[in-house]
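Undergrad: Sequences and hints are given; from them, build the entire structure.
Protein chains: 2
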Amino acid sequence: MKLYGYFRSSAAFRARIALNLKGLAYEQEFIHLRKNVQRSDAYLAVNPLGLVPALDDGGKIITQSLAIIEYIDETHPEPPLLPRDARGRARVRALALAVACDIHPIDNLRVLRYLAKPLGHGDHDIESWFNHWIKLGFDGLEETLAGDGGAGRFCHGDAPGLADVCLVPQVFNAKRYPSFDLKPYPTIMRVFDQCMTLPAFDAAVPEKQPDAE
Amino acid sequence: MKLYGYFRSSAAFRARIALNLKGLAYEQEFIHLRKNVQRSDAYLAVNPLGLVPALDDGGKIITQSLAIIEYIDETHPEPPLLPRDARGRARVRALALAVACDIHPIDNLRVLRYLAKPLGHGDHDIESWFNHWIKLGFDGLEETLAGDGGAGRFCHGDAPGLADVCLVPQVFNAKRYPSFDLKPYPTIMRVFDQCMTLPAFDAAVPEKQPDAE
Numbered sequence: 064m065k066l067y068g069y070f071r072s073s074a075a076f077r078a079r080i081a082l083n084l085k086g087l088a089y090e091q092e093f094i095h096l097r098k099n100v101q102r103s104d105a106y107l108a109v110n111p112l113g114l115v116p117a118l119d120d121g122g123k124i125i126t127q128s129l130a131i132i133e134y135i136d137e138t139h140p141e142p143p144l145l146p147r148d149a150r151g152r153a154r155v156r157a158l159a160l161a162v163a164c165d166i167h168p169i170d171n172l173r174v175l176r177y178l179a180k181p182l183g184h185g186d187h188d189i190e191s192w193f194n195h196w197i198k199l200g201f202d203g204l205e206e207t208l209a210g211d212g213g214a215g216r217f218c219h220g221d222a223p224g225l226a227d228v229c230l231v232p233q234v235f236n237a238k239r240y241p242s243f244d245l246k247p248y249p250t251i252m253r254v255f256d257q258c259m260t261l262p263a264f265d266a267a268v269p270e271k272q273p274d275a276e
Numbered sequence: 064m065k066l067y068g069y070f071r072s073s074a075a076f077r078a079r080i081a082l083n084l085k086g087l088a089y090e091q092e093f094i095h096l097r098k099n100v101q102r103s104d105a106y107l108a109v110n111p112l113g114l115v116p117a118l119d120d121g122g123k124i125i126t127q128s129l130a131i132i133e134y135i136d137e138t139h140p141e142p143p144l145l146p147r148d149a150r151g152r153a154r155v156r157a158l159a160l161a162v163a164c165d166i167h168p169i170d171n172l173r174v175l176r177y178l179a180k181p182l183g184h185g186d187h188d189i190e191s192w193f194n195h196w197i198k199l200g201f202d203g204l205e206e207t208l209a210g211d212g213g214a215g216r217f218c219h220g221d222a223p224g225l226a227d228v229c230l231v232p233q234v235f236n237a238k239r240y241p242s243f244d245l246k247p248y249p250t251i252m253r254v255f256d257q258c259m260t261l262p263a264f265d266a267a268v269p270e271k272q273p274d275a276e
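Chains as they are written, first to last, in the numbering used here: chain A, 64 to 276; chain B, 64 to 276.
Among the hints, erroneous ones may be present.
Any copy, or any two copies together, can satisfy a pair, since identical chains are not distinguished.
[Stated by the list, open to error] Derived DSS-like pairs (lysine-lysine); straight-line CA-CA distance at most 27 Å:
id, residue 1, residue 2
1, K85, K98
2, K123, K198
3, K180, K238
4, K271, K65
5, K65, K85
6, K98, K65
7, K198, K180
8, K271, K98
9, K98, K180
10, K123, K238
11, K123, K65
12, K98, K198
13, K85, K246
Just so you know, these hints were derived from the structure itself, not from any lab.
TA: Here it is as structure tokens:
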């Protein structure tokens, strides 16, 4: 398998963690987002949506990090990244989507770039925007994780899964600006610290990728 | 079952279509997003993330439209909203996520409001923003649907499913401003028109909901 990614892409980071948790070997091809390689003809032929990650599994391309992770989980069931019961699966997917739909896309590089140009915003406005959407999302996630009884050592019980795979890269993003206060999120940070003790998470961090700058 | 929604919410629209395709009876409780009812203490007790939709199934709350739809599909398997094969499932999920992650959240009401205040943008900038993200997403979706051989009468083969459930509300959003040109998207519009012949889609449209204004 080959993963098209970028060291700093939060969505590619998710896919790396999932592949590592499954113990799957994969090569990586790096698509330099800041140089707009994702909009090159060569990459658009791989993924017409012009985004990373994309997974090449025997010549078949699968796009979108959550679709990639569910595919890996269906084709390589052990260890499972989703619970067995429908309600547990719904809880884990909802936690994952709370990051993947409601925080990350709004703070994505291409959106921040649009704020700078054409909209003309400077660093201060962009930092406030970036932190605003993480705070909104983390407030709800913290309350859910601390309050609904589903979390154990990880987001759902005592084994890492899809929700953790999405949460950890988002915490990395939250640390981008020192102005973002992580103290109101003790449950998120407890799960984050637990995840980071695992080699599958640690090996997937941006700074350990070959294309890290 | 009870669905917390709002007539104009694209994510609630998806959940309504899915429930209708399954032939499930449900009551609706309407959360007035423009009046910020989603941030009321009463609703935050239902969904700490302060977003619609949320599904109450026997007192258990499920949030996030895609998690709700997968839950409905797992607990009421017929007719299926996802294909049986892992690659087909990955394709359908990727199409759904291309809307649910990469278009819709960036054009959501709360984001448009933030552009207006505190960022101070007027109607023209907001319309350009709104259309920009739909165009980027639809360009990739059109190429995928027209080019990868997976589409039939619907996004995946000849039966409606999760990808159609996400695509149709996004086409409704794309029609919000007459300045958005739908002509470059003949495959998207062919699928859209096919979906709209089905009562499950038609009954779910915003203007047919009891809270429509």
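Undergrad: Confirm or reject each hint.
TA: Hint check:
1. In the homo-oligomer, the alpha carbons of K85 and K98 never lie at most 27 Å apart, since the shortest distance is 31 Å inside one protomer and 45 Å across protomers.
2. In this assembly of identical chains, K123 and K198 lie within 27 Å of each other by CA distance solely across copies; the values are 26 Å between and 38 Å within a copy.
3. For a Cα distance limit of 27 Å, the shortest separation of K180 from K238 qualifies both inside one copy, at 24 Å, and across copies, at 25 Å.
4. With identical chains, the CA atoms of K271 and K65 are at most 27 Å apart within one copy only, with a shortest distance of 17 Å there and 46 Å across copies.
5. Proximity of K65 and K85 under a CA criterion of 27 Å is satisfied intra-copy only: 15 Å inside one chain copy versus 37 Å between copies.
6. Only within a single protomer do K98 and K65 lie at most 27 Å apart by alpha-carbon distance; the minimum there is 21 Å, versus 47 Å between protomers.
7. With identical chains, the CA atoms of K198 and K180 are at most 27 Å apart both within one copy (24 Å) and between copies (17 Å).
8. Taking identical chains as interchangeable, the C-alpha atoms of K271 and K98 lie at most 27 Å apart only when both belong to the same chain, with a minimum of 20 Å there against 46 Å between chains.
9. In the homo-oligomer, the alpha carbons of K98 and K180 lie at most 27 Å apart inside one protomer (16 Å), although the nearest pairing across protomers, at 31 Å, exceeds that limit.
10. Proximity of K123 and K238 under a CA criterion of 27 Å is satisfied in neither setting, with 35 Å inside one chain copy and 34 Å between copies.
11. With identical chains, the CA atoms of K123 and K65 are at most 27 Å apart within one copy only, with a shortest distance of 10 Å there and 40 Å across copies.
12. Proximity of K98 to K198 under the C-alpha cut-off of 27 Å is restricted to the inter-copy arrangement: shortest distance 21 Å between copies versus 29 Å within a copy.
13. Taking the shortest Cα distances, K85 and K246 never come within 27 Å of each other, neither inside one copy (32 Å) nor across copies (44 Å).
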